[in-house]
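Let chain A serve as the given structure and place chain B on it in line with the hints.
Line by line, the protein sequences give chains A and B.
Residue 117 in numbering that gives the first Met the number 0 sits at position 118 of the first sequence, with consecutive numbering throughout.
Residue 440 in numbering that gives the first Met the number 0 sits at position 441 of the second sequence, with consecutive numbering throughout.
Mixed in with the good hints there might be a few duds.
[As the list claims (entries may be wrong)] Okay, derived cross-link-like pairs now, SDA-like style, lysine to any residue, Cα gap no bigger than 25 angstroms in a straight line:
1) K517/B to S257/B
2) K394/B to I412/B
3) K205/B to A140/A
4) K394/B to S280/A
5) K205/B to E214/A
6) K205/B to G183/A
7) K205/B to R85/A
8) K394/B to D93/A
9) K492/B to K517/B
10) K205/B to D93/A
11) K205/B to Y159/B
[Claimed, not checked] So these bits of chain A aren't anywhere near chain B, every CB distance computed over 10 angstroms:
12) R85
13) L132
14) S133
15) P163
16) P178
17) R222
18) R285
Read the hints as simulated data drawn from the structure, not as lab findings.
All figures in this text were calculated on a predicted structure; none of them were measured in a lab.
Where is the CB? At the ideal position from N, CA and C, for every residue including glycine.
What follows is the residue order along each chain.
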Amino acid sequence: MRRFLARRLGHGIVVVFVAATVAFVLVHLAPGDPFSSILGSERLSPETLAAWRTAYGLDRPLAEQYLRFLAQAARGNLGPSVSAGRPAADVLGDALPYTLMLMGTALVLSFAGGIVLGAWQASRHGTATDRVLSTVSLIVASLPEFWLGLMLILVLAYRLPIFPSGGAIDVGMHDYLTPLGRLGDRLRHLTLPALTLGLLGTASIARYQRTAVLEVLPLDFVRTARAKGLSERLVLWRHALRNALVPTIVLLGLSLPTLFGGAVFVEQVFAWPGMGNVAASAFAARDYQIVVGATILGAVLVVIGSIIADVLHAAVDPRIRAR
Amino acid sequence: MRQTLASTLSVLLVATACDRAPSAATDTSSVGGSLIAAIHTEVGQVLPPAIQQVEQKLVADQIFEPLAWLGDESRTDTGFRPALADSWTWEHDSLAIAFHLNPNARFHDGVPVRASDVRFTHSLYTDPALGAQERPSLLRIDSVVVRDSLTPVFWFRRRYLDQMLDAATRMLIVPEHLLANEPRATLRTSAFGRNPIGSGRFRLSKWTPTGIELVADTAHYRGRAKLDRVIFTPAGDGNTLVPRMTNGEIDAAEVQNSDQLRALAARPEMRTRVLPAFDYAFLLFNLKDPKQRTRPNALFADAALRRALTMAIDREKLIHSQFDTLGAVSLGPMTHGQVLADTTVAQIPYDSAGAARLLDSLGWKLPAGKTVRERNGTPLRFTAIVPNVSMGRMKMVVRMQEAYRALGVQLEIGALDPGTFMARVQQRDFDAAFNGSHADVSIAGLSPNWTTAAARDASMQNYGNYQSAQFDSQLDTALATTDVAAARAHASKAFATIVADAPAVWMYEMRSAPVIHKRFRTAHVIPSAWWLGIADWTIPPAERLPRDRAGLKVAAR
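Here chain A stands alone, though its shape is the one from the complex (with noise of 0.2 angstroms):
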């Protein structure tokens, strides 16, 4: 097991060097640069170009600036944000525990909801309930995450006024809060937004789910278990689940990119202060530091999924680890 991770911890620093080099050369290809963008440009003058030029060093040749780049990334300096006037680590820092708590709240929501609602929709296969909920799944599953969160704003904060439409917290309040208060605080402002996430998560996962479990169930140790004498429900979510969640958690390394492009958008529609937030922002403003932070950190978050992904597989098939 240790060498299998340290196998895949190798292919994984590789992936994220990769990705890296890409997103540096990419977004150094586009025309424009960083000051560019920056609304009012046109004002600045040649001599303020070029000192800005200089002090961020891209009046360098670019394979210089790179080999920088990846001398200041191996101690975790991401070189200094035009747009924001800092360092662009302390930018993504900033960000990043905003990211992780909407993006893990949202993963057990889905997964959570996914497993339950396919596996229950796999014993009720063929019937209407089951029919019904498979068009919804796939209804919802297609839906735009910012449509979602805009229809979930419009319902649950603007016309029932139950969650508050924005924000990670009550500004103005929070901080006057007991320590419950400020716990409780932190979940209304999260539960619209990774509610968001979470049945759009729910959706998918319930499919697959679903499918994974009707290809368990005619399988001769099934059959067995009924001859035993189990109840149904024993039969399902003991005996069927635990061989049909293999796919499922498969999915849960493909899950972390997916649901880390999805909080771009639903973070900029709560005004979620995450990354999604920073990197649209950067994008726009050709802010390199923090495009390329950005997608390292993307890189790692798809590495890590991966890891975790044949990590639980081997956990919950012995014949992985046996292998």
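Same frame as chain A, now just chain B:
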């Protein structure tokens, strides 16, 4: 189109009632409350000379102060209100202004504000390494010298109308003792930008991804701010602004489209306003051949053609249908918010039939069976580049395309990302560009954008290569005089010249629409900088929300 730092001048234009001297005995019942204001873009730092966006200015104007605020539009000496400077005197036949600093003025760390801070601030604003947006105007100041600890003296190379404006209002004074040892090259990204120490009536309490919290400086020399706290929080998606305001999550915001404005205006607890602003958009014609800049542009060197293209657009109708009350027809390279703007300048009227006749007379005729006019086999076709992030311009250029199609003119749209768009514009590599600009409060801002000297200097912003000796002469005269009436008269002539020459189709200027919760008594909202004067906003005790009663406990952290 977003306001840039130059909108600080808008701040100066109307900072009237908000900058009152404190009463000796403050009515404590009027003190207290929290304002939560939405900002539409992330604020990275608020070092004044490094500010590029209006959201940064919104925050910085609470934390820092200039020497004086512009009190009215007269531009006379009495039109300025004291801030860090109590008074000032003109010297040496109006080639110098000596400011007398308030001896009680302190930075938030308790260090007194001194003349050396003013001199130091000027050196930062004029340093090219920082790229201050005010730098072109401040270069008209020859030097700032320290006569004594409370008297900075501004020296000018020559007399002009805006001497006091430039010296007193364009710079927010920063502490030399905290910044002098910071290398200029890295000052833009220094820690001070996120931990600012100013002399304003609010000081920074905390700065997190969820918002920037400022608290009243209770020891301020001009009296503490009436509000306890101001919190600037990201607005998020524009579609959620209305629910966030109606839910009470946000107290004040600048709305960005007429649907939002209508929705909030219908709410009894909201107060809405539509105010003039300084941003305007125009379809700029390149009068030179982009491929061979010594040659005139095959199409747009012809002033009559440019006039015909202007006549073909019903600007009033297009702007009203797209922006409703939040847009106005542009008068030219000026906006209604500018002091010397002449709203009576004769405009090229909308006349599609007249445009068709004019094109016919120029030889651009519509061949039988074709939809695009031709002259000697050359179709009347051009490409207009547009930044794809500007939804306003993207939508408007499509409408213009349709209007031109009806006239037999083929306009092709080249949507570009902002970096590429600016690169092409700055290299003058375009036939037409749907550009935007932010008008400086002073007409001096016209020089780098529209004069002959600017056309010949690749580093200046006359990207369309407009050259007119008449315009140059009128503008120079307006800038050289110290008499407001004379300046206005000459400026009007300059505007009339450039509008008639039609180097661009002057499309629209955007209006500002701040929406503020009614529980705030704002006394006087400055038309072009609604956030100025926040320090004097009050909330009647009976109307306060729980967060308004939080008080200054946060200051104890």
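Non-interface label on P163/A, tested against every C-beta of chain B at 10 angstroms: violated (6 angstroms)
Agreement of K205/B and R85/A with the hint, judged by alpha carbon distance not exceeding 25 angstroms: holds (16 angstroms)
Agreement of K394/B and S280/A with the hint, judged by alpha carbon distance not exceeding 25 angstroms: Satisfied, since the Cα-Cα distance of roughly 22 angstroms is no more than 25 angstroms.
Reported absence of R222/A from the contact zone with chain B (all CB gaps over 10 angstroms): holds (53 angstroms)
Satisfaction of hint between A140/A and K205/B, Cα-Cα up to 25 angstroms: violated (40 angstroms)
Hinted pair K205/B and Y159/B, Cα distance within 25 angstroms: Given pair K205/B, Y159/B is violated - Cα atoms ~42 angstroms apart, limit 25 angstroms.
Agreement of K394/B and D93/A with the hint, judged by alpha carbon distance not exceeding 25 angstroms: Violated. K394/B to D93/A sits at ~36 angstroms, over the 25 angstroms cutoff.
Pairwise hint evaluation, G183/A against K205/B, where the allowed Cα distance is 25 angstroms at most: This hinted pair holds, its Cα atoms lying about 22 angstroms apart.
Holds or violated: K517/B to S257/B, with C-alpha atoms at most 25 angstroms apart: Holds, at about 20 angstroms.
Check on L132/A being off the interface with chain B, judged by Cβ distance over 10 angstroms: holds (30 angstroms)
Non-interface label on S133/A, tested against every C-beta of chain B at 10 angstroms: holds (31 angstroms)
Beyond 10 angstroms from every chain B Cβ - status for R285/A: violated (5 angstroms)
In summary, the numbered hints that this structure violates are 3, 5, 8, 9, 11, 12, 15 and 18.
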